[in-house]
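Enquirer: Here is how the chains run, residue by residue.
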Amino acid sequence: MANSGSLTDLTIAEARDGLRAGRFSAVDLTMAHLHAIEALNPRLNAFITVSHSKALAQAQAADAALAKGDYGALTGIPLAIKDLFCTAGIRTTAASRILEPFVPPYESTVTANLLRDGAVFLGKANLDEFAMGSSNMTSAFGPVENPWKRLQDQDAVLVPGGSSGGSAAAVAARLAMGATGTDTGGSIRQPAAFCGLVGVKPSYGRCSRWGVVAFASSLDHPGPFARTVQDSAIMLGSMAGFDPKDSTSAERPVPDYEAACKRGVKGLRIGVPREYRADGMPAEIEALWQQGLTWLREAGAEIVDVSLPHTKYGLATYYIVAPAEASSNLARYDGVRFGLRKDGGELAEMYGNTRAAGFGPEVRRRIMIGTYVLSAGYYDAYYLRAQKIRALILRDFNDVFAQVDALLTPTAPNAAFAQGENMDDPIKMYLNDVFTVGANLAGVPAISVPAGLDANGLPLGLQIIGKAFDEETVFAVSAAIERAAGFTALPQIRAGQ
Amino acid sequence: MTIYAIEGSTGPWEVVVGLEVHAQVISNAKLFSGSATTFGAEPNTQVSFVDAAFPGMLPVINREAVAQAVRTGLGLNAVIHKVSRFDRKNYFYADLPQGYQISQFEHPIVGTGVIEVELSDGSTKSIGVTRLHLEQDAGKSLHDQHPTKTFIDLNRSGVALMEIVSEPDIRSPEEAGAYLRKLRSILRYLGTCDGNMEEGSMRADVNVSVRKHGEPYRTRCEVKNVNSIRFVMQAVEAEAARQVEVWESGGTVVQETRLFDSNRGITRPMRSKEDAHDYRYFPDPDLLPLVLDEDWIAGLKAALPELPDAKQARFRAEYGLTPYDAGVLVAEKATAAFFETVARGRDAKIAANWVTGDFFAALNRTGATIETSPVSADNLGALLDLMADKTINGRIAKDVFEAMVETGKTPAEIVEERGLRQVTDTSAIDAAAAAILAANPDKVADYRSGKDKLFGFFVGQTMKAMAGKGNPALINETLKRLLG
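Chains as they are written, first to last, in the working numbering: chain Y, 1 to 497; chain V, 1001 to 1484.
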């Protein structure tokens, strides 16, 4: 048996080949990750729940399948599942007190697809409460530590980004080979950038939302985290697919994403949206962006300046639409049927007690905002106007994709910040989503790829945005960036260290 | 047309009524889940995770419920909207698991239509339909099962309802009743709602206002959840009378939701203002707009059954029935079918008389329905045949019919068993008639001296002597000859 350190360092593609060649077993691989979790999770807090025995049973089943040659795309691959995906028989909390005792009797479509393909679930990854946050600081189960450290400030505990911070930290620290996330305004791509990972937000409708605890239905996108573009392609290939149980699911065949990674970018037209040149963008992020464009040009792509004129309204639009939907989606957490209940003298009092005890401050804030923007007298000024601007933003993307095949932008306006920073003003935190919300509002696919380090030695990501349902081009461009960047830096906190 | 008015101290007041009818869609599954919808099942046995709004559950529209709404729209001569949309109506209640009801607020599936009603004075009136939309029903809160707790039954949660909204075209309790009866009849013909108000599968909210002739509309009140046609008519009357009194005593009618207390025959306010809801309607992001294919609608239209108005017209034309008889016979699809079976190949007027007369009376008396009736349409038709071919006479037919109601046997069996076959043997009639005349020489003399009316006495006596089985025409003929 290979030593644990090297097993947890493998990519999904390498592990897949190793398992099929019999170089190690799925149980070896799962045990190596469970040991890593045991060692590091007390510090990182990347997992809310570790499903030890289930993981081992799944690994044993994977070994049996491998022995018979009857394996799927992910047979024996240990993954972390964002604790927003309902998993049958495994507690699913959404990082909220209100769902703390909730054990779903059903499996989300995306996780069922992963299980169908043989994946092993190590446990449920931490997140911002109900996926509301950009730092993982709003989890009722405590913050997650980013495995990366600032070179000059080893004491600072950095955030992994959010909302899928636990997923990102787990994959970065080698506690899992890949992870599921959900991206409502950047919740996969921003933590991927903060943790030096590949994060994929596919097209809206590509991955079923059935069984995923809803935050904002029209913006929620399940997607994968992995350490390489190829790995993320393997995972998305398994997670994606039409689901008749989700009315917004797209009835389209799932292409071979892994093959698309090898396409190259020769002849592709890559757009540079001028509105993404935000004032006050750190020079190193601007420099990395230019570097990315150079890499693509050198690989044979043509770089084109384009305009997404309504970009500046994206964040405001997002922070009206998302809370509006959330205020309604979270109404079901009322203490009547499942989860937390705090009794009261009468029904309204029970609601008040339950929801006050069950929801944290950020969730309460967004419910308030959402209730406000939908209420009589304000609906037209906020919600309706936001919907109109959303239509204009979608038109911007459609117009641009008539000219180019993909867009290249930075993923986030900064590298990972420290726990406690940006906490004084919610708007500052919301600004982290400035480059990512557009793709959610338009439903187009986008990938964040690690492309370099800042002066503190922290990873920075570049974002590739493509046409709806053209994930293949986005994978091709991402893979080209990955090859050119040769990103080999490792987080200081990781398994085997 | 008679004008209905409430006579106040300041003169007559016109009553203005609009009805919102909630009709439960006949479908095996709920509007957005596959759960069953059988009435009266054990509590919480027809509940899916979608109906109970578990985390991550999503609605998927039931195609059959959509088809039922379209059929209903077509039956109401209404505009079918090829694109409609589902919205969320947000409010908290313990029997509303999602915390919102999925409904159609801005863009309903069916637009304006019309219902023709017949009134007791023989006139007809068109009442406009504003819209029909699909929505989910809520569950049920049971407050009487425990001293301090409320129990929740989610069997009804998510069941498909059609809300059918009328224009404020109704001007009297009678018109309100006629509208509801006609609507129910159309729904039953279409098979889109069973119209059973007792089981709650059809409920009405009644909007009432009053005004002086020629005025614009005054403030209306909504009387919620009235569950019988009779109560709707009473509620209109009671609420209109109340409003007249408010206006005439110098007060102002406030727009509010009220309940009808059927025991006391009055309406009373439902809730105070503090519970006034802001429903925060917005398009349900879990559902795409509902887009209907033109050919699909055309297919549903082609497959529609004959509806009450068309059937009534045909019954008048084809069978020569009066508008009244035709109206009575078409009110229920089953009755119309029963009548047509009886009338086919026979004298339609006699068939109509028997169905609306003795047959309806028997149903009323025995509490049976057309479906459970011991007398089948074929057997009633056979009875008419026995009269037509003079096997029995009309008087015996009544007795045979009663025996059919009691035993469920065919008329032929009963006639055979009881020996009720009509006597057409002229020698037997001659003998019976001669015996009657011989036994009543004084009356024969009176008759011959001009008391014509006594002829009926001789007929009755002869028939009686023959145990009712004599052929009436032959008895008449014989007596005339003998008395001649």
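Please keep in mind that the hints were generated in silico from the structure rather than gathered at the bench.
Heads up, a few of these hints could be off.
Said to hold, decoys possible - Here are the simulated DMTMM-like pairs of lysine to aspartate or glutamate, each with C-alpha atoms no more than 20 Å apart in a straight line: (1) V/K1140 - Y/E346; (2) Y/K388 - V/E1106; (3) V/K1089 - Y/D343; (4) V/K1469 - V/D1442; (5) V/K1149 - Y/D343; (6) Y/K342 - V/D1095; (7) V/K1125 - V/D1293; (8) Y/K245 - V/E1340; (9) V/K1149 - Y/D380; (10) V/K1149 - Y/E346.
To be verified - Okay, the calculated beta carbon distance ranges per label pair: (11) Y/D343 - V/A1337: 23 to 31 Å; (12) V/E1248 - Y/D380: 54 to 62 Å; (13) Y/G89 - V/A1041: 23 to 31 Å.
Idealized CB from N, CA, C, for every residue including glycine.
Enquirer: Run every hint past the structure and note whether it holds.
Expert: Hints, verified against the model:
1. V/K1140 - Y/E346: Distance of about 17 Å is within 20 Å: holds.
2. Y/K388 - V/E1106: 16 Å, holds
3. V/K1089 - Y/D343: 26 Å, violated
4. V/K1469 - V/D1442: 26 Å, violated
5. V/K1149 - Y/D343: 11 Å, holds
6. Y/K342 - V/D1095: Between Y/K342 and V/D1095 the Cα gap is close to 18 Å, so the pair holds against 20 Å.
7. V/K1125 - V/D1293: 33 Å, violated
8. Y/K245 - V/E1340: 46 Å, violated
9. V/K1149 - Y/D380: Violated, at about 40 Å.
10. V/K1149 - Y/E346: 10 Å, holds
11. Y/D343 - V/A1337: 23 to 31 Å: 57 Å, violated
12. V/E1248 - Y/D380: 54 to 62 Å: 40 Å, violated
13. Y/G89 - V/A1041: 23 to 31 Å: 28 Å, holds
Hint compliance for this structure: hints 3, 4, 7, 8, 9, 11 and 12 are not met, and every other hint is.
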